[in-house]
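Using the sequences and the hints, build the whole thing.
Heads up: the protein sequence lines correspond to chains A and B, in order. Heads up: take any position in the first sequence, counting from 1, add 325, and you land on this note's numbering. Heads up: take any position in the second sequence, counting from 1, add 325, and you land on this note's numbering.
Everything labelled a hint here was simulated from the structure, so no lab data went into it. Do not rely on the hints blindly, as some may be mistaken.
In this list, chains with the same sequence are indistinguishable; a pair is considered to hold if it fits within one copy or across any two.
Stated by the list, open to error - Straight-line C-alpha distance at most 30 angstroms; calculated BS3-like pairs for lysine-lysine:
1. Lys-615 to Lys-459
2. Lys-625 to Lys-422
3. Lys-389 to Lys-558
4. Lys-612 to Lys-459
5. Lys-558 to Lys-612
6. Lys-459 to Lys-510
7. Lys-558 to Lys-650
8. Lys-650 to Lys-389
9. Lys-565 to Lys-422
10. Lys-459 to Lys-675
11. Lys-415 to Lys-558
12. Lys-625 to Lys-615
13. Lys-675 to Lys-650
No experiment lies behind these values; they were computed from the predicted model shown.
2 protein chains.
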Amino acid sequence: MDFFQVISLEEALQRLRNHFPDNRLEIEEVSLLQAQNRFLAEDLSAAENVPDFNRSTVDGYAVKAADTFGAGESLPSLLMAAGSVRMGQKAEMTLQKGQAVAVPTGGMLPEGADSVVMVEYSEQFDADTIAVYKPVSPGENVIARGDDLRQDEAILSRGTWLTAKHIAMLAACGIGRVKVYRPVKFAIISTGDEIIEIDQPQNIGQIRDINSYGLASIIAQWGGEVTYRAIVKDDYEALKQAMTEGLAQADVLLTSGGSSVGERDYTYRLMQELCGEDVFVKGIAIKPGKPTIVGRADGKPVMGLPGHPSAAMTVFRVLMSTILKQWGLNLQETLVPARLSINLPSAPGKTTFQMVSLQQEQNGFVAVPIFGKSGMIHLLGHSDGYIVLEAHQEGLEQNQQVLVHLL
Amino acid sequence: MDFFQVISLEEALQRLRNHFPDNRLEIEEVSLLQAQNRFLAEDLSAAENVPDFNRSTVDGYAVKAADTFGAGESLPSLLMAAGSVRMGQKAEMTLQKGQAVAVPTGGMLPEGADSVVMVEYSEQFDADTIAVYKPVSPGENVIARGDDLRQDEAILSRGTWLTAKHIAMLAACGIGRVKVYRPVKFAIISTGDEIIEIDQPQNIGQIRDINSYGLASIIAQWGGEVTYRAIVKDDYEALKQAMTEGLAQADVLLTSGGSSVGERDYTYRLMQELCGEDVFVKGIAIKPGKPTIVGRADGKPVMGLPGHPSAAMTVFRVLMSTILKQWGLNLQETLVPARLSINLPSAPGKTTFQMVSLQQEQNGFVAVPIFGKSGMIHLLGHSDGYIVLEAHQEGLEQNQQVLVHLL
Numbered sequence: 326m327d328f329f330q331v332i333s334l335e336e337a338l339q340r341l342r343n344h345f346p347d348n349r350l351e352i353e354e355v356s357l358l359q360a361q362n363r364f365l366a367e368d369l370s371a372a373e374n375v376p377d378f379n380r381s382t383v384d385g386y387a388v389k390a391a392d393t394f395g396a397g398e399s400l401p402s403l404l405m406a407a408g409s410v411r412m413g414q415k416a417e418m419t420l421q422k423g424q425a426v427a428v429p430t431g432g433m434l435p436e437g438a439d440s441v442v443m444v445e446y447s448e449q450f451d452a453d454t455i456a457v458y459k460p461v462s463p464g465e466n467v468i469a470r471g472d473d474l475r476q477d478e479a480i481l482s483r484g485t486w487l488t489a490k491h492i493a494m495l496a497a498c499g500i501g502r503v504k505v506y507r508p509v510k511f512a513i514i515s516t517g518d519e520i521i522e523i524d525q526p527q528n529i530g531q532i533r534d535i536n537s538y539g540l541a542s543i544i545a546q547w548g549g550e551v552t553y554r555a556i557v558k559d560d561y562e563a564l565k566q567a568m569t570e571g572l573a574q575a576d577v578l579l580t581s582g583g584s585s586v587g588e589r590d591y592t593y594r595l596m597q598e599l600c601g602e603d604v605f606v607k608g609i610a611i612k613p614g615k616p617t618i619v620g621r622a623d624g625k626p627v628m629g630l631p632g633h634p635s636a637a638m639t640v641f642r643v644l645m646s647t648i649l650k651q652w653g654l655n656l657q658e659t660l661v662p663a664r665l666s667i668n669l670p671s672a673p674g675k676t677t678f679q680m681v682s683l684q685q686e687q688n689g690f691v692a693v694p695i696f697g698k699s700g701m702i703h704l705l706g707h708s709d710g711y712i713v714l715e716a717h718q719e720g721l722e723q724n725q726q727v728l729v730h731l732l
Numbered sequence: 326m327d328f329f330q331v332i333s334l335e336e337a338l339q340r341l342r343n344h345f346p347d348n349r350l351e352i353e354e355v356s357l358l359q360a361q362n363r364f365l366a367e368d369l370s371a372a373e374n375v376p377d378f379n380r381s382t383v384d385g386y387a388v389k390a391a392d393t394f395g396a397g398e399s400l401p402s403l404l405m406a407a408g409s410v411r412m413g414q415k416a417e418m419t420l421q422k423g424q425a426v427a428v429p430t431g432g433m434l435p436e437g438a439d440s441v442v443m444v445e446y447s448e449q450f451d452a453d454t455i456a457v458y459k460p461v462s463p464g465e466n467v468i469a470r471g472d473d474l475r476q477d478e479a480i481l482s483r484g485t486w487l488t489a490k491h492i493a494m495l496a497a498c499g500i501g502r503v504k505v506y507r508p509v510k511f512a513i514i515s516t517g518d519e520i521i522e523i524d525q526p527q528n529i530g531q532i533r534d535i536n537s538y539g540l541a542s543i544i545a546q547w548g549g550e551v552t553y554r555a556i557v558k559d560d561y562e563a564l565k566q567a568m569t570e571g572l573a574q575a576d577v578l579l580t581s582g583g584s585s586v587g588e589r590d591y592t593y594r595l596m597q598e599l600c601g602e603d604v605f606v607k608g609i610a611i612k613p614g615k616p617t618i619v620g621r622a623d624g625k626p627v628m629g630l631p632g633h634p635s636a637a638m639t640v641f642r643v644l645m646s647t648i649l650k651q652w653g654l655n656l657q658e659t660l661v662p663a664r665l666s667i668n669l670p671s672a673p674g675k676t677t678f679q680m681v682s683l684q685q686e687q688n689g690f691v692a693v694p695i696f697g698k699s700g701m702i703h704l705l706g707h708s709d710g711y712i713v714l715e716a717h718q719e720g721l722e723q724n725q726q727v728l729v730h731l732l
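Okay, here's the thing in structure tokens:
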């Protein structure tokens, strides 16, 4: 039996975008510290100018720059001392031509001043006179009102994946609570008579349920939740019940395993029962991961993932991140440029995901491909990321620069 | 007043290592799914060989490779059919010279067999005879016992920061529970009359408590916990009480702010009271972050961080990661090679941490330095990472390859 109608990865991703066009996630408001690793559900803009006044970046004298032009060590500009501004206080005076007002670092410039002469280049001559020994240009030693952030300027856009730097920036903007999408809920079902819980003693031919853990750990990395999990024997009724229950309890239903013909039959049959006409991916021209099935039931993605853990994890990352982006979660991948250690042939007509380890060298990295032959644990444990060989690519050459998608 | 006795970054890190030589964190056991983003507190090795038997990677016939040497399309090797092995079952027979035993993908090779002929290159001639049309070499199409993982082979070492790939690998090894270090507890105190809570209306000269959020978000990223937090006015008794309480409730005490002379005095005086002789860093030759103080009280790190958020966050990352590594938490930084967009002067005698944004170009990245002049929020929001200019470096040139430490 072969029900696969293999399509290109590009076509598969396009079908995913077409079938999951918009966001289905509710929005909740959380405090800033709870917002980390969540996805922003609103566009944020600045409520005020930052700074809210022209601020000195040095200790010195606020002046009109034009009054200092031509000043030098031997011939200082002499300005009239017109008071001082204290830290944390409003500058009440207006600076007139020929005047200088003392300001501290962080202090407010009086109206009329356009620059600050550093204290090092000035001298209080007498009670009324300030000598300036070096000219300043307009704007020098000043952060102007709104320089850092203009009122109504966009700060962060909807979908931003909030990390430490965003939290600090939002704090700086005085934003203590933000709207974020609620975590995406996943159901994970592993199928097959041979699947056992990971801590069970393993007999010959039995396979530990690695996929549940591998997928759950990616989901956790993305800030999602596993709300349903089951290991189901090779039994139509049991699988039907698990898939129905999983679908009810989650936003996304994942099944993996199904290496035997019987299991694949059941999974496929049940996907058709759940999704009706909406089983729109039945095999993808990728390596590994060809036997991937995707459908839609109750508006939710239903994915039949390959049984091999490394393949299941890679396919899940690529397909699911596409759907999550449609839902407004702007997942960011980290890409690291590296030099390829060996020639790498491509698989004609297939997009290849090649696992690699990264080794640091002088000012850069070498990507060393890891092959499956040496085994699954080896592959899982030593891979730092993967590189993508497009279906049309001829293969990659040793020492060629590649971009590694970090795991 | 200037109490700073500035030392090099290298010297500061060495003093940190000397003062915090060993681990002070208790160990707890958690299930694998709870172990993500935690640090492994044990060396793990394989309890068994993986696979535990010689396993076929194809559907075909298990043979002695020598029996197929010379086989070809026109002159096949004829072998005696000696039964079959079923998936998930032990191979009970011993293969003799001249015999072939049918094995499925994933099945166990009988003793005596050293390779598998793919079914495509063989044919059942009659009930007793298998024709082999292509020679195999010893080991071909076989994952030998222990090939993936040898019994007692090291899998992961103490201190590993557990991510998705480790979780999947441990699941594959049948390890369902692991020992991890309990989260490190931090106390964060922001000092200064001018500090207000982030969502308070801000008057001229007031500064929002950005540091608490910036530091807390790095701590969360590292899997730590903030167990005490306070904003304290410029008041000796209040600061003393907060620092004493914070020290009691955490493993690490952080203070930040103290931009005024009075605040710095108080912080320094109290650090001396808490730490006695053990204030061993009083200024570091780094830019930004010179006014950094570090001591030890009750065996715990006490850090006085600079007030500027970006400086406080960078200094905290660099110093604290050094201490956490001493404590057995093997924090991993992500480094991305990039081309520098402009010439970058160094600060003679100082280690410079230069914030940069990363822009993708063909097969790589450009690092674009971001300068503080345009303001704090700009700096926080647009930085993707930083590059380090060593104290002895002359500066960096445009288009030079640099390594960006991702935030």
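Results for each hint:
Taking the closest pair of Cα atoms, Lys-615 and Lys-459 come within 30 angstroms of each other only across two copies (28 angstroms); inside a single copy the shortest separation is 72 angstroms, beyond that limit. In this homomeric assembly, Lys-625 and Lys-422 never come within 30 angstroms of each other (Cα to Cα): the closest approach is 69 angstroms inside a single copy and 57 angstroms across copies. Taking the shortest Cα distances, Lys-389 and Lys-558 never come within 30 angstroms of each other, neither inside one copy (82 angstroms) nor across copies (36 angstroms). Only between protomers do Lys-612 and Lys-459 lie at most 30 angstroms apart by alpha-carbon distance; the minimum there is 26 angstroms, versus 68 angstroms within a single protomer.
Taking the shortest alpha-carbon separations for Lys-558 and Lys-612, only the intra-copy value of 27 angstroms comes in at or below 30 angstroms, while the best inter-copy value is 61 angstroms. With identical chains, the CA atoms of Lys-459 and Lys-510 are never at most 30 angstroms apart, being 64 angstroms at best within one copy and 51 angstroms at best between copies. Taking the shortest alpha-carbon separations for Lys-558 and Lys-650, neither the intra-copy value of 34 angstroms nor the inter-copy value of 45 angstroms comes in at or below 30 angstroms. Taking CA atoms no more than 30 angstroms apart as the test, Lys-650 paired with Lys-389 passes in neither setting, with 51 angstroms inside one copy and 53 angstroms between copies.
Taking the closest pair of Cα atoms, Lys-565 and Lys-422 never come within 30 angstroms of each other, the shortest separation being 85 angstroms inside a single copy and 48 angstroms across copies. Taking the shortest Cα distances, Lys-459 and Lys-675 sit within 30 angstroms of each other only across copies (27 angstroms), while inside one copy they are farther apart (68 angstroms). Proximity of Lys-415 and Lys-558 under a CA criterion of 30 angstroms is satisfied inter-copy only: 21 angstroms between copies versus 74 angstroms inside one chain copy. For a Cα distance limit of 30 angstroms, the shortest separation of Lys-625 from Lys-615 inside one copy, 22 angstroms, qualifies, whereas the shortest one across copies, 54 angstroms, does not.
Within a single copy, Lys-675 and Lys-650 get their C-alpha atoms as close as 24 angstroms, which meets the 30 angstroms cut-off; across copies the closest is 43 angstroms, which misses it.
Hints 2, 3, 6, 7, 8 and 9, counting from the list given before, are not met by this structure.
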